[in-house]
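Chain residues, written in single-letter form:
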Amino acid sequence: MEDFMFRGLMGGVGVALVTGPVGCFIVWRKMAYFGNSMSHTALLGVAVGFLFGVDLRLGILVSCIGMALALLALQSRKTLSTDTLLGILAHTALSVGIIAVSVLETLRVDLMGYLFGDILAVGVPDLWWIYLGGAAALGVLAWLWRGLLAVTVNEELASAEGIPTFAVKLVFMLLIAFIIAIAMKLIGILLITSMLIIPAAAARRFSSTPEQMAALAVLAGVVSVGVGLWASVEWNAPAGPCIVVAAAGLFLFSYAWEMFAGRA
Amino acid sequence: MNNARAPLISVANLNFRIGETTILQNIDLEISAGEILTLIGPNGAGKTTLVRMLLGLLSPDSGEIRRNGGLSVGYLPQAFEVDPSLPLTVRRLLCLTQKPSPEEMEAHLDEVGARNLLDHPVQSLSGGERQRVLLARALLRNPDLLVLDEPIQNVDINGQTELYRLIMKIRDDRGCGVLMISHDLHLVMAFTDLVVCLNKHVCCSGHPEAVSKHPAYLALFGKQAAESLAVYKHRHDHVHGPEGEILPIEPEEAGHPQGGD
Chain R
1 MEDFMFRGLM
11 GGVGVALVTG
21 PVGCFIVWRK
31 MAYFGNSMSH
41 TALLGVAVGF
51 LFGVDLRLGI
61 LVSCIGMALA
71 LLALQSRKTL
81 STDTLLGILA
91 HTALSVGIIA
101 VSVLETLRVD
111 LMGYLFGDIL
121 AVGVPDLWWI
131 YLGGAAALGV
141 LAWLWRGLLA
151 VTVNEELASA
161 EGIPTFAVKL
171 VFMLLIAFII
181 AIAMKLIGIL
191 LITSMLIIPA
201 AAARRFSSTP
211 EQMAALAVLA
221 GVVSVGVGLW
231 ASVEWNAPAG
241 PCIVVAAAGL
251 FLFSYAWEMF
261 AGRA
Chain H
1 MNNARAPLIS
11 VANLNFRIGE
21 TTILQNIDLE
31 ISAGEILTLI
41 GPNGAGKTTL
51 VRMLLGLLSP
61 DSGEIRRNGG
71 LSVGYLPQAF
81 EVDPSLPLTV
91 RRLLCLTQKP
101 SPEEMEAHLD
111 EVGARNLLDH
121 PVQSLSGGER
131 QRVLLARALL
141 RNPDLLVLDE
151 PIQNVDINGQ
161 TELYRLIMKI
171 RDDRGCGVLM
181 ISHDLHLVMA
191 FTDLVVCLNK
201 HVCCSGHPEA
211 VSKHPAYLAL
221 FGKQAAESLA
231 VYKHRHDHVH
241 GPEGEILPIE
251 PEEAGHPQGG
261 D
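Protein chains in written order, with my numbering: chain R, 1 to 264; chain H, 1 to 261.
Simulated from the structure, these hints should not be mistaken for lab results.
C-beta atoms are modelled at their ideal positions from N, C-alpha and C, and glycine is treated no differently.
Where hints are given, some of them may not hold.
Chain R residues, not near chain H, derived (Cβ > 12 Å throughout) [stated by the list, open to error]:
{"hint": "1", "residue": "127"}
{"hint": "2", "residue": "128"}
{"hint": "3", "residue": "135"}
{"hint": "4", "residue": "139"}
{"hint": "5", "residue": "142"}
{"hint": "6", "residue": "171"}
{"hint": "7", "residue": "223"}
{"hint": "8", "residue": "245"}
{"hint": "9", "residue": "256"}
Derived coverage of chain R by chain H (criterion: at least 3 residues anywhere in the stretch with Cβ under 8 Å from a Cβ of chain H; other residues may be distant) [claimed, not checked]:
{"hint": "10", "segment": "151 to 162"}
{"hint": "11", "segment": "201 to 213"}
Turn these sequences into a full structure, and let the hints guide you.
Printed below as a string of C-alpha cells:
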C-alpha cells in the first residue's frame, strides 16, 4: 500500500471511531440539521483561521462555538423555530466564509479541498490531531453518556431525576464543534455530517441497545472508509464523496434487510 | 419521612408570570402521605407549570414551596415517547439514571403487572404498558410522592380504569402520596381523595364525593363527563379576564360547589 493511502485509511478510521457514537446521538436527538449547520459554519472558521494566522482547527472551533451560542441566544426569543434559525445562521456563515475565502485570494485557499476534504493528503501531524483529539472527544462522550442518554430519552424526566440537562446539551454541542474541527480536513465541511448520520442510521436495524448501535456505527464507518478509499483509487474518483457513497450503500443494505426481514 | 403527620409538600401563596402573562396566582396546596390529589383544569391553566415547580424544575416569582426533609419523588412525564431511532429496551430504560439489580427490576415490574416486558423495545409497548413500565421505574426510587402528569393519556378506555386502580393499589401498599394531573373528570372522581380545580388560581378544591353530589356539579358534568376528556367547562363565582385576572360575574350565574378547605 502506498504511504498516502495508508495515512488516508488511518485518518478515516480515526474519524469513524469518533463519528460513530457521536453520530448516534445526533440521529437520536434529531440534530442532523444542527450538525449540518455547524459544518457549514466551519468554512467561516477556515477564513477566520487564515485571517488571524492561527491553526484552522482553532478557527473552526471558535466559529462553531460562536454559532452554537448564537443559536442558544436566538432560541430564547422563541419567535422562530430552531430549523429556521439554523438555516439563517448556517447559510449566513457559509456565505460569509465563501466571501472571506475569495477576498483573501492572495492566500490561494483551495476551496474545493475544504468543501470536500482531501483524505489522501493527510499528513502525520493530521493523524496526531485526529487520534489524540478523537480520544479526548470519546473520553468526554463516555463521561457524558449516561446523562446525555437520559436527556435524549426524556428531558423532563432526566431533569426531574437530577441530570443538569442544560449543561449536558451544551457540552454535547461543543463536542460536535470539536469533532468537525478535527475531521474537516479529511472529508470536508459539506460531507462531514454524512459521516455522523449515515453510519449511525445504517446501524439502527441491527441494534437493540444504544451501546450496540454506537459500536455498529463505528464498524459501518470504518467499512465505508475502507470501501470508499478503495473505490476512489480504483476509479480515480474524489475520496470523500466515495466514502459517503459507500456509507449510503451500507445504509441501503440495512434498509433492504429490514424490508426483507419484515416480509419473512 | 421525618414526620408522617406533616404534608409531603406544601405550597403557600405561589405566583408565577411570564412577561405580562399570569401563569399562576396565589396558589396554596398541600399533599400528604397516603393521599391522592388530582389537579384538573383546562389547557393552559398552569397545571404542568405548577408540577414543574413542585419538582423543583422551575422557581416561582414569589411564594413558598416546602418539601418534607429527604423527600423522594417519582415522576411520570406527560406524553412519554421514545424516538424510534433509539434502540431502548425496558431493561435499559429502568437503568437510565439508577442501577437496580435484575431482581429489583423484575420485582417492580411485577408490582405494576408488567412482568414479561423486561426485554421488549420501549417503542413496542402499548400506551398502558408504557405507563406501567414508567411507574415501575418511578417506584425503583422508593418514592414518598408520585407525581403523574396525565397518566391515562394514550391509554385505551379499559386500560384507564386499570391504571387508576393500580395507582390506588400502589398508594395503599406503599402509603405514598400521589399527585396527578388530569383532563378527565368522570373517571378521576372515583380514584382520587381530593380534587383541585386550577385555572391560573385555585378555583375550587375538595373531596370528590362532596363535589360530585352537588346538584350544580351534576348539572355541569354529569352528562358531559364521558365526553369531557379535553373540554373542561365549569362555572364559578367569578370569570377570568384575558390576562387570567379574576373578575366578578352576575349573581344569578354563580353557584359552583365550593370545596372544603
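Status of each hint after checking the structure:
With a least beta-carbon separation of about 32 Å from chain H, residue 127 (chain R) lies farther than 12 Å from that chain, consistent with its non-interface assignment. No beta-carbon of chain H comes within 12 Å of the beta-carbon of residue 128 (chain R); the shortest separation is about 34 Å. Its beta-carbon lying about 26 Å from the closest one in chain H, residue 135 (chain R) satisfies the requirement of being farther than 12 Å from that chain. Taking the minimum C-beta to C-beta distance to chain H, about 21 Å, the non-interface status of residue 139 (chain R) holds against the 12 Å cut.
Residue placement check: residue 142 (chain R) keeps its beta carbon more than 12 Å from all beta carbons of chain H (closest about 16 Å). No Cβ of chain H comes within 12 Å of the Cβ of residue 171 (chain R); the nearest lies about 17 Å off, and the non-interface call holds. Against chain H, the non-interface label of residue 223 (chain R) holds: every CB pair exceeds 12 Å, the least being about 20 Å. Every Cβ of chain H is farther than 12 Å from the Cβ of residue 245 (chain R); the closest lies at roughly 22 Å, confirming the non-interface assignment.
In this structure residue 256 (chain R) is separated from chain H by more than 12 Å, as the shortest Cβ-Cβ distance comes to about 18 Å. Under the rule that three or more residues need a Cβ within less than 8 Å of chain H, the assignment of the segment 151 to 162 of chain R holds, with 10 such residues. Residue count for the segment 201 to 213 of chain R with a Cβ under 8 Å from a Cβ of chain H: 8. That meets the three needed, and the coverage hint holds.
Of the numbered hints stated above, none is contradicted by the structure.
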